[in-house]
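Chains D and G, in that order, give the protein sequences.
Under our numbering, the first residue of the first sequence carries the number 34, and numbering increases by one thereafter.
Under our numbering, the first residue of the second sequence carries the number 344, and numbering increases by one thereafter.
In short, the hints are calculated from the structure, not lab data.
All clues given are correct.
A few chain D residues that don't get close to chain G, going by computed Cβ distances all over 10 Å:
1) Phe95
2) Met190
3) Ala220
Covered stretches of chain D, going by a simulated chain G footprint (3 or more residues, C-beta under 8 Å):
4) 71-82
5) 119-125
6) 153-162
7) 231-238
Note that the Cβ used here is the ideal one computed from N, Cα and C, for glycine as well.
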Amino acid sequence: MIRKFPIHALLAAGAFWMLLPFFWMLSTSLKTQNEALRFPPTILPRVPMFVNYLEAFRQVDFSRYFLNTLIMTLGTALLVFITSTLAAYAFARMKFWGRDLLFMLFLAMMMVPVPVYLAPSYVILSRFGWIDTFLALIIPWSANVFSIFLLRQHFKMLPQELFDAARIDGLNHLQVLLRIVIPLSRAVLVTIGIFQIVSNWNAFLWPLIVTHSDSMRTIQTGLAYFAQAESTNYPLLCAASTFTTAPLIIMYFFVQRQIMESYARTGIKE
Amino acid sequence: MSQRKDLSGYLFILPALAVILVFRFYPILQAIRMSFFRWGMAGPLHAVGLKNFGRLLVDTKFYQSLGNTFWYVLFVVPLTIIISLLFAQLLSQKISGRGIYRTVYYLPVVTSIVAVSVVWKWIFNPDRGILNAMFGLIGLDGLKWLNDARGIFEIILTPLHLEPSGFFAGPSVALCALIIMAVWHNIGYCVIIALAGLQNVPEQYYEAARIDGAGAWTTFRRVTLPLISPTVFYLIVTQSIFAFNTFTPVYVMTQPPGGPLGTTKLVVFYLYEQAFKLWNLGYANAIAFVIFIIIFFMTQFQKRFIERRVHYD
Chain D
34 MIRKFPIHAL
44 LAAGAFWMLL
54 PFFWMLSTSL
64 KTQNEALRFP
74 PTILPRVPMF
84 VNYLEAFRQV
94 DFSRYFLNTL
104 IMTLGTALLV
114 FITSTLAAYA
124 FARMKFWGRD
134 LLFMLFLAMM
144 MVPVPVYLAP
154 SYVILSRFGW
164 IDTFLALIIP
174 WSANVFSIFL
184 LRQHFKMLPQ
194 ELFDAARIDG
204 LNHLQVLLRI
214 VIPLSRAVLV
224 TIGIFQIVSN
234 WNAFLWPLIV
244 THSDSMRTIQ
254 TGLAYFAQAE
264 STNYPLLCAA
274 STFTTAPLII
284 MYFFVQRQIM
294 ESYARTGIKE
Chain G
344 MSQRKDLSGY
354 LFILPALAVI
364 LVFRFYPILQ
374 AIRMSFFRWG
384 MAGPLHAVGL
394 KNFGRLLVDT
404 KFYQSLGNTF
414 WYVLFVVPLT
424 IIISLLFAQL
434 LSQKISGRGI
444 YRTVYYLPVV
454 TSIVAVSVVW
464 KWIFNPDRGI
474 LNAMFGLIGL
484 DGLKWLNDAR
494 GIFEIILTPL
504 HLEPSGFFAG
514 PSVALCALII
524 MAVWHNIGYC
534 VIIALAGLQN
544 VPEQYYEAAR
554 IDGAGAWTTF
564 RRVTLPLISP
574 TVFYLIVTQS
584 IFAFNTFTPV
594 YVMTQPPGGP
604 LGTTKLVVFY
614 LYEQAFKLWN
624 LGYANAIAFV
634 IFIIIFFMTQ
644 FQKRFIERRV
654 HYD
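Start from the sequences and build out the full structure, keeping to the hints where you can.
Shown next, in the form of structure tokens:
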């Protein structure tokens, strides 16, 4: 017990710093504007002002932003599931000319940093007439090389006998994929789903560039806009920050183990 | 299985391939092509040859943004990884409350950088912020944080009658505020990866080290670090690229955009300004091209000089 004391002291000090911004966000979000500006600050609000949350919702159309983000997240995730399972199955389990070359091309795309294709993507999307639409938010992200890579690794490890048996039963590739492979890939699909939810919910630069109108804002561009419009009203800003981060934090508390395993998976080099 | 039967493989790949070709591959070709044009959103294209790159060569603001990015990456990556390794090491011990600590340390992983930036801007507030209040409690003067353009080497060295300026003044206090926040935000992910690496170290190695009478530091330096070196290398490469691409905190936190005297303007933010504020799309693509080259060589450099020390089994 005594020997462990320094470990606890260090971990507690670290935990204090990790939690401080969250605590300060919550505490400020419940203060009046006057109390927030007091210096030195009060640690906890004297009277919790829950009305700040309603006020933030009233000032800009956060419910619209939530809805947009939900559509973007679900739309992208659904399409990523379809494109990734199909492509990964073909890369892992089918033989055709140019397969490995195509897979290399896919992997090479992962190495290109996002800033490189920002401006040309914008030009392409505006030629399509997609700027400021859900198409611009969803379609360019509807195929994900990393998901294909993860699924391909998994599909390759499934026993060959499974596929031989399915063939003998007369199943075609699509049936094998839907009835046999996908039910055996739940863990990887959960990982991909988690990444899709987190990355879409938190996406900022892309929505900032490809949408303009207030009614197309996502939760993150909406929050950034609110932060510029109300740059000194810290209680409202903290309230908005709280309710925009709350959904993922609540999800995190429920599926912490899956989230950790998913992120740990990204560090595995094959 | 015959080759012909699997022609449907092309059909399976088609949806993903179409998206990748149109929204990844083609834009990259376009980026290279566009960098040789003067290109606004409206009006005709002008082929300008290498003029965009020539302009880049004499653009002092571009150099400043590269310098800022250099300091930012140089501070964020080692700080994040060293602190993460320390905490991962502590969290891998058998202690009570380990689950709670882990929950706390991972929390920033799912928290959006926009919200984090909003809250940290408030924490760094020079007049009302809690950080300066805590400085006051221990008798220190507060800093101007995001409004302070002085370089930290300048602050440290000026009393010694050395007055470094420009790039050599180091990251400004304002940029240091962004660095502190980035370290805070990235620790969670790095601790997860580092812990996963630590769990693969067989218990016997620690046993052996203990029997040999090795202390905590020696055990870490001689046993743990070599065994998790692939994980550490992976973190160095990915965190460097990630830090290099930082945009959001500059956008949300700094006022005027790019901070006092442009000292927080990171190169991706500069690209954003050129492309989507000033609509110099051709010029922005020249910048993007340089970013790509730098990231490529940064990774190659790390492969050459750091991966040599990595032990893969």
